[in-house]
Amino acid sequence: MPTPTKGARLGGSPSHQRAMLANLATALFEHGRITTTEARARRLRPVAERLITKAKRGDLHARRQVLGTIRDKDVVHTLFAEIGPRYENRNGGYTRIVKIGPRKGDNAPMAVIELVEPLAEQVVSEATSATRRAAGGSSAAAPAAAAAAEAEVTADVAGESKDEPTAAEAAVDEAEGTGDEPAADAADGEAADGDDESGSDSAEKA
Amino acid sequence: MAVPKRKMSRSNTRHRRSQWKAKLPQVQKRTQNGRTTWVVAHRAHVVEDSQGTALFREYNGRQVGDA
Numbered sequence: 001m002p003t004p005t006k007g008a009r010l011g012g013s014p015s016h017q018r019a020m021l022a023n024l025a026t027a028l029f030e031h032g033r034i035t036t037t038e039a040r041a042r043r044l045r046p047v048a049e050r051l052i053t054k055a056k057r058g059d060l061h062a063r064r065q066v067l068g069t070i071r072d073k074d075v076v077h078t079l080f081a082e083i084g085p086r087y088e089n090r091n092g093g094y095t096r097i098v099k100i101g102p103r104k105g106d107n108a109p110m111a112v113i114e115l116v117e118p119l120a121e122q123v124v125s126e127a128t129s130a131t132r133r134a135a136g137g138s139s140a141a142a143p144a145a146a147a148a149a150e151a152e153v154t155a156d157v158a159g160e161s162k163d164e165p166t167a168a169e170a171a172v173d174e175a176e177g178t179g180d181e182p183a184a185d186a187a188d189g190e191a192a193d194g195d196d197e198s199g200s201d202s203a204e205k206a
Numbered sequence: 001m002a003v004p005k006r007k008m009s010r011s012n013t014r015h016r017r018s019q020w021k022a023k024l025p026q027v028q029k030r031t032q033n034g035r036t037t038w039v040v041a042h043r044a045h046v047v048e049d050s051q052g053t054a055l056f057r058e059y060n061g062r063q064v065g066d067a
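If you read the sequences in order, they're chains A and B. Per my numbering, the first sequence runs over residues 1 to 206. Per my numbering, the second sequence runs over residues 1 to 67.
Some hints here could point you the wrong way.
Straight-line alpha carbon distances no greater than 27 Å define the calculated DSSO-like cross-link-like pairs of lysine-lysine that follow [said to hold, decoys possible]: (1) LYS104(A) / LYS7(B); (2) LYS23(B) / LYS104(A); (3) LYS99(A) / LYS7(B); (4) LYS99(A) / LYS6(A); (5) LYS56(A) / LYS73(A); (6) LYS99(A) / LYS23(B); (7) LYS7(B) / LYS21(B).
Restraint-style ranges between C-beta atoms, simulated for each label pair [to be verified]: (8) PRO46(A) / ARG6(B): 42 to 52 Å; (9) ARG103(A) / LEU55(B): 36 to 46 Å; (10) PRO46(A) / HIS42(B): 17 to 27 Å; (11) GLN51(B) / ASN91(A): 40 to 50 Å; (12) GLN51(B) / ARG103(A): 34 to 44 Å; (13) PRO46(A) / ASP66(B): 20 to 30 Å.
Derived from the structure by calculation, the hints contain no laboratory data. Note that beta-carbon positions come from the ideal geometry of N, C-alpha and C, so glycine has one too.
Could you put together the complete structure from these sequences and hints?
In structure tokens:
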């Protein structure tokens with residue numbers, strides 16, 4: 001459920017804010033990293049990430065929806081051809097905001113908002129195979145923990161100092177995701193049973 | 001236009017003015033190339049070479065654009 005933004009619109013009116021966020025998103029996808037005020041970066045983040053999610057979907061409808069925000073077709077093409085596929089393995093969190101201190105002139109707090117690096121390929125494939133094996137197991141918690149541990153090991157093997165923490169986190173996330181699935185299945189099964197009983201009851205009444 | 005209904009007393013004026021104070025900035029000490037620098041928390045800082053030339057901005061061990 002998207003919550004409405006609190007407080008005044010950026011630039012004073014809703015249309016001004018929409019135009020400003022569209023321009024900022026266009027610049028972000030064109031350059032990969034932009035410097036802006038902290039308030040604008042905070043507002044831009046959900047807008048840009050929603051557009052990237054659409055780009056990951058990649059169909060014509062998604063493209064037309066994105067074109068409603070970003071008017072530049074070249075940028076939309078880059079978004080769908082390069083940026084979307086780059087984040088295939090990442091579920092949200094495509095941007096990073098780093099504060100860089102006040103601006104000279106009006107002392108406005110500035111920030112850099114940038115597209116994050118894609119997850120390392122090898123680690124991700126390892127993690128997915130681990131989760132597939134974990135999904136075959138009987139109990140939910142133990143395989144998830146094992147997968148998480150394995151993912152950490154693979155991340156260590158990958159050994160790139162920058163990508164290491166993010167990759168490990170992602171692997172752990174995926175492992176947790178599989179841990180949830182059996183519980184959800186069980187809940188569904190119970191719900192189905194309940195429906196069956198109620199159905200039989202109604203049949204008896206009839 | 002809104003106008004004040006009553007005169008603001010000298011006491012109230014002086015109380016208001018006395019609340020306007022400077023705050024100490026929260027900075028951390030850091031040694032870089034043998035020189036002591038001060039960094040503000042949760043903010044990117046500029047990395048310099050030994051000559052004191054600014055190279056790039058860094059935060060959390062990650063490069064964040066040019067200086």
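Comparing the hints with the structure gives:
1. LYS104(A) / LYS7(B): Distance of about 39 Å is beyond 27 Å: violated.
2. LYS23(B) / LYS104(A): The given pair, whose Cα atoms are some 20 Å apart, holds under the 27 Å limit.
3. LYS99(A) / LYS7(B): Not satisfied, since the Cα-Cα distance of roughly 44 Å exceeds 27 Å.
4. LYS99(A) / LYS6(A): The given pair, whose Cα atoms are some 21 Å apart, holds under the 27 Å limit.
5. LYS56(A) / LYS73(A): At roughly 17 Å apart (the allowed maximum being 27 Å), LYS73(A) and LYS56(A) satisfy the hint.
6. LYS99(A) / LYS23(B): holds, 20 Å
7. LYS7(B) / LYS21(B): It holds: about 25 Å lies between the C-alpha atoms, which stays within 27 Å.
8. PRO46(A) / ARG6(B): 42 to 52 Å: With a Cβ separation near 47 Å, PRO46(A) and ARG6(B) satisfy 42 to 52 Å, so the hint holds.
9. ARG103(A) / LEU55(B): 36 to 46 Å: violated, 21 Å
10. PRO46(A) / HIS42(B): 17 to 27 Å: Because 21 Å falls inside the window, the suggested range holds.
11. GLN51(B) / ASN91(A): 40 to 50 Å: holds, 45 Å
12. GLN51(B) / ARG103(A): 34 to 44 Å: violated, 27 Å
13. PRO46(A) / ASP66(B): 20 to 30 Å: Holds: the Cβ-Cβ distance is about 27 Å, inside 20 to 30 Å.
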